[in-house]
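Participant: What follows is the residue order along each chain.
Number of protein chains: 2
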Amino acid sequence: MFSIFPIKGFIDQIDGFFCDGINAGLKSNNKKDLGFIYSDSLCDVAAVFTNNRFQAAPLKHYQRYKKGFQTNFLLINSKNANALTGEKGIEDINTIFSSLNFSVSNPIMSSTGVIANPLPVKKIIDGANRFNLEAKNGENLSEAIMTTDAYPKTALYEVKLQNGSSFKIGSVAKGAGMINPNLATMLCFICTDANIPQADMQELLELNSHTTFNAISVDGDTSTNDTVLLLANKKSGSYDKEAFKEALRLVMHDMAMLIVADGEGAKKAVAFEVNGAISNKEAQIAAKALSNSLLVKTALYGEDPNFGRIASTIGASGIQCDEYKLKIAYNDVVVYDKGEIFFTQEQEEKAAKVLQQSGYKVICDIGLGEGSFTAWGCDLGYEYVKINADYRT
Amino acid sequence: MFSIFPIKGFIDQIDGFFCDGINAGLKSNNKKDLGFIYSDSLCDVAAVFTNNRFQAAPLKHYQRYKKGFQTNFLLINSKNANALTGEKGIEDINTIFSSLNFSVSNPIMSSTGVIANPLPVKKIIDGANRFNLEAKNGENLSEAIMTTDAYPKTALYEVKLQNGSSFKIGSVAKGAGMINPNLATMLCFICTDANIPQADMQELLELNSHTTFNAISVDGDTSTNDTVLLLANKKSGSYDKEAFKEALRLVMHDMAMLIVADGEGAKKAVAFEVNGAISNKEAQIAAKALSNSLLVKTALYGEDPNFGRIASTIGASGIQCDEYKLKIAYNDVVVYDKGEIFFTQEQEEKAAKVLQQSGYKVICDIGLGEGSFTAWGCDLGYEYVKINADYRT
Chain Y
35 MFSIFPIKGF IDQIDGFFCD GINAGLKSNN KKDLGFIYSD SLCDVAAVFT
85 NNRFQAAPLK HYQRYKKGFQ TNFLLINSKN ANALTGEKGI EDINTIFSSL
135 NFSVSNPIMS STGVIANPLP VKKIIDGANR FNLEAKNGEN LSEAIMTTDA
185 YPKTALYEVK LQNGSSFKIG SVAKGAGMIN PNLATMLCFI CTDANIPQAD
235 MQELLELNSH TTFNAISVDG DTSTNDTVLL LANKKSGSYD KEAFKEALRL
285 VMHDMAMLIV ADGEGAKKAV AFEVNGAISN KEAQIAAKAL SNSLLVKTAL
335 YGEDPNFGRI ASTIGASGIQ CDEYKLKIAY NDVVVYDKGE IFFTQEQEEK
385 AAKVLQQSGY KVICDIGLGE GSFTAWGCDL GYEYVKINAD YRT
Chain P
35 MFSIFPIKGF IDQIDGFFCD GINAGLKSNN KKDLGFIYSD SLCDVAAVFT
85 NNRFQAAPLK HYQRYKKGFQ TNFLLINSKN ANALTGEKGI EDINTIFSSL
135 NFSVSNPIMS STGVIANPLP VKKIIDGANR FNLEAKNGEN LSEAIMTTDA
185 YPKTALYEVK LQNGSSFKIG SVAKGAGMIN PNLATMLCFI CTDANIPQAD
235 MQELLELNSH TTFNAISVDG DTSTNDTVLL LANKKSGSYD KEAFKEALRL
285 VMHDMAMLIV ADGEGAKKAV AFEVNGAISN KEAQIAAKAL SNSLLVKTAL
335 YGEDPNFGRI ASTIGASGIQ CDEYKLKIAY NDVVVYDKGE IFFTQEQEEK
385 AAKVLQQSGY KVICDIGLGE GSFTAWGCDL GYEYVKINAD YRT
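Chains as they are written, first to last, in the working numbering: chain Y, 35 to 427; chain P, 35 to 427.
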């Protein structure tokens with residue numbers, strides 16, 4: 035038995051963690067662009083990275099550490115992804131870390147922004163050397179890692195165990211391009227003082243990625259920089275695997291939902307729930323095809339219950355399906371059921387009302403088996419085009 | 035030896051073929067929405083259909099004919115796709131054909147438009163019974179099959195053989211959603227008086243689909259209605275397999291290019307040429323990933339030579355690649371070569387000039403093998419969102 039409570043504040047509320055964000059001159063307008071997470075004791079680390087074949091330099095730099103290494107410092111910049119920068123990109127990270135005016139162990143770097151530009155090394159060194167490692171300014175950090183994000187993304191929970199002990203787990207993340215899971219960078223940094231064994235960290239991080247970040251993006255279709263990091267300083271002395279697993283899931287789910295809802299220019303967050311597929315894998319294929327379809331996204335934007343596009347996308351996804359078994363509903367409004375179209379004027383108006391909401395479910399029952407998966411997506415409107423046509427400028 | 039000449043006019047210039055298009059009340063504003071192709075002698079037929087699991091009723095109706103059947107009548111409507119309409123959709127087609135006030139053999143139907151609406155049977159019967167089967171109004175037919183197309187799509191060629199004989203081949207097509215190959219319907223009707231053996235028809239149609247329509251769409255990722263039909267009345271008595279193959283390729287390539295250039299709201303037609311992949315299959319995967327990427331499309335729209343998005347899309351496509359072997363160019367402007375970024379102010383300006391053109395190549399050399407494939411795509415701007423958010427209304 036355990037209880038999990040959301041609590042106010044940022045990851046700096048967790049014992050032993052410090053963080054801040056500043057402007058180091060990478061972004062214009064004096065916006066924050068460089069941040070850190072510091073721990074006053076060494077942390078175990080687990081990570082999940084992008085499947086993109088062109089992993090950015092920070093990811094390669096991380097992977098050169100010996101497995102099981104411990105760290106106490108994470109440096110994060112926005113505006114430049116340090117991707118497609120070759121060996122020079124990794125050397126730049128080493129130059130930065132060897133030029134710091136404070137001492138840290140096995141420092142990690144994480145970057146997001148434009149691809150294929152050399153990292154502005156001097157600006158980052160000068161900025162980092164102004165850090166106050168005793169700062170607890172989680173809000174500043176959450177802003178410093180933003181690119182096209184409309185708002186910062188954070189979560190914090192306290193977990194109380196039956197033996198009276200407790201631990202905290204919190205996160206700060208960025209990501210907003212999830213309208214197009216193809217390339218939108220997602221960074222998520224999770225800190226905890228739970229006394230979690232190193233082996234559990236990697237296992238639970240991967241396990242929870244499947245139903246959270248992978249449901250909105252990742253898995254083969256990812257940016258060069260996607261990173262989820264888990265840092266554990268063990269300070270609370272408290273741990274329970276089931277409790278930690280659930281708290282970690284909550285944190286990652288919160289981050290994933292905040293990222294979906296912040297789809298570039300998006301006004302709606304939509305759950306695509308696929309049931310009755312012949313396997314979970316096939317349900318996942320169909321659910322992700324729906325959440326990625328341009329024609330579905332633009333219909334959601336137009337608040338048009340055009341379920342033909344939903345059906346056609348499922349048919350085109352390559353999964354086993356049959357139009358005489360398929361059922362489609364917007365929330366509880368069934369519009370198509372096993373070859374019958376329920377699309378009277380009244381039904382269409384009911385469906386249109388669902389689509390006017392800022393969040394709802396598109397439920398598709400394939401009618402062939404037990405496989406299910408829910409993917410999250412959002413609508414696509416003019417704003418998306420504007421943001422992405424102009425991104426580099 | 036043979037010569038192929040483009041000639042003016044429509045498929046009705048081919049001996050024995052008649053066609054027309056009228057308004058039957060499916061579209062508003064008296065726009066043409068119903069058309070036919072009639073042959074005064076029986077034609078052999080070959081067809082390539084969508085891979086979508088939910089094939090529309092006209093496709094199922096066609097497939098109920100015995101292999102090797104002959105026809106002299108093709109009926110085509112726009113505005114309603116007769117898709118996801120179950121057995122009723124097929125019955126509707128039979129009702130229409132049994133209510134005609136003229137006699138035809140093994141008639142074929144083809145439909146495009148909104149999915150999951152019952153076919154307006156009476157309007158179509160009434161319209162078809164007003165047809166003049168002796169009409170030669172190719173332009174009317176080309177308009178009647180349009181949905182969101184900005185312009186009609188036709189081609190006509192004459193092929194002269196060394197023995198002095200000659201034949202004609204021509205086409206009329208519709209398709210404009212190719213910005214999103216997921217669901218955009220593409221219909222293409224090809225007529226010829228070449229004396230082609232039935233066996234060659236299917237073989238050459240499939241062969242040429244790979245490098246034409248499949249390079250812009252189709253293959254697993256298709257609408258419920260995609261159809262390419264080849265009708266041969268053999269009237270010329272002239273045939274040469276190599277000559278026909280090349281003429282057919284020209285016709286299909288013309289249609290594919292017209293469809294790409296008419297991408298909904300698109301201003302640019304772009305060839306994504308991938309070379310040096312470990313196989314043609316992998317080159318195809320990368321080329322199609324590029325032509326489908328939202329972030330690439332919006333960068334093209336913004337005329338932004340943001341080649342990081344090109345590289346990242348290749349990396350995310352899952353093909354074998356290595357950033358120290360990759361080369362990227364816009365036409366002849368190399369911007370990235372084997373880990374080196376050629377992106378001086380001067381180079382960026384040169385690249386930007388290429389992107390200001392209405393057509394150009396994005397050339398990616400993977401540097402690992404001999405595999406190559408070219409896919410065509412277009413940019414994505416505000417107009418696409420507008421068209422697709424409002425399509426049903």
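These are calculated hints, taken from the structure and not from any lab test.
It cannot be assumed that every hint is accurate.
[To be verified] Simulated restraints, written as ranges between beta carbons of each label pair: (1) Gln379(Y) / Gly403(P): 53 to 59 Å; (2) Ser392(Y) / Pro40(P): 43 to 49 Å; (3) Ala386(Y) / Gly271(P): 54 to 60 Å; (4) Asp366(P) / Lys275(Y): 42 to 48 Å; (5) Leu76(Y) / Thr378(P): 40 to 46 Å; (6) Lys359(Y) / Thr378(P): 55 to 61 Å.
For each residue, glycine too, the CB sits at the ideal point set by N, CA and C.
Participant: Does the Cβ distance between glutamine 379(Y) and glycine 403(P) fall inside 53 to 59 Å?
Facilitator: Because 58 Å falls inside the window, the suggested range holds.
Participant: Cβ-Cβ distance between leucine 76(Y) and threonine 378(P): within 40 to 46 Å?
Facilitator: The hint (40 to 46 Å, Cβ to Cβ) holds, given that leucine 76(Y) and threonine 378(P) are roughly 44 Å apart.
Participant: Do the Cβ positions of aspartate 366(P) and lysine 275(Y) conform to the proposed distance bound of 42 to 48 Å?
Facilitator: violated (59 Å)
Participant: Per the hint of 54 to 60 Å, is the separation of the Cβ atoms of alanine 386(Y) and glycine 271(P) within bounds?
Facilitator: holds (59 Å)
Participant: Are lysine 359(Y) and threonine 378(P) spaced within 55 to 61 Å by their CB atoms?
Facilitator: With Cβ atoms ~59 Å apart, the hint holds.
Participant: Please check whether serine 392(Y) and proline 40(P) have a Cβ separation lying inside 43 to 49 Å.
Facilitator: Violated: the Cβ-Cβ distance is about 53 Å, outside 43 to 49 Å.
Comparing the model with each numbered hint stated earlier shows that hints 2, 4 do not hold.
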